[in-house]
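Under the numbering used here, think of the first position of the sequence shown as 167, with each following residue one higher.
Every clue listed holds true.
Below, in silico cross-link-like pairs of lysine-lysine (DSS-like), each with a Cα-Cα straight-line distance of 30 Å or less:
1) 296 - 233
2) 282 - 233
3) 296 - 282
4) 253 - 296
5) 296 - 283
6) 283 - 253
7) 253 - 291
8) 291 - 269
9) 283 - 269
10) 282 - 269
11) 282 - 253
12) 269 - 233
13) 253 - 233
14) 269 - 296
Keep in mind that the hints were calculated from the coordinates and are not lab data.
Every value quoted in this text rests on a predicted model; they were computed, and no experiment measured them.
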Amino acid sequence: GSPAIVARSHGTGRTIYCGFLPGLSYFQPAIPKRPGDRTSAVDSLAHFIPTQFHAGARQLIGMPGEKIARPAVCSEPLVEANLLESKTAAALVLVNWTSTPIKGLQVTLQTPLPQKKIELASGGKVTVSKSAGQTVLTLDLAVADTVILR
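All chains should be modelled from the sequences, with the hints used to inform the complete structure.
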């Protein structure tokens, strides 16, 4: 057959063309093949949170932005990290989209942030270390928490 993905560079730019929908390829293995339901039962599809996404498709989708520095990178790809900043402090909101709590989550800060006092809004323990010149936070994350940096 023909190629599924074609890449072409021109000048300083690069184009990647997929002959399929990468988003659907990413999502497909995470959704069980069963009829939808509207029951309030805990194990119903209405309460289902997909977690078994296709790692290769995730990498492909992220390629265009891989050189863009993110404020924070989590060791678990299904943890969302959003940064809120003020002149004197910052808050890093973490949301766990996996189906279980995460022990020992590592969050690498990739942007200069206040670091005199670092604590979790939940009161949980956060360990601060340095690796390759970057600050690494290690913490346990249930559903969500906020790292407060002052």
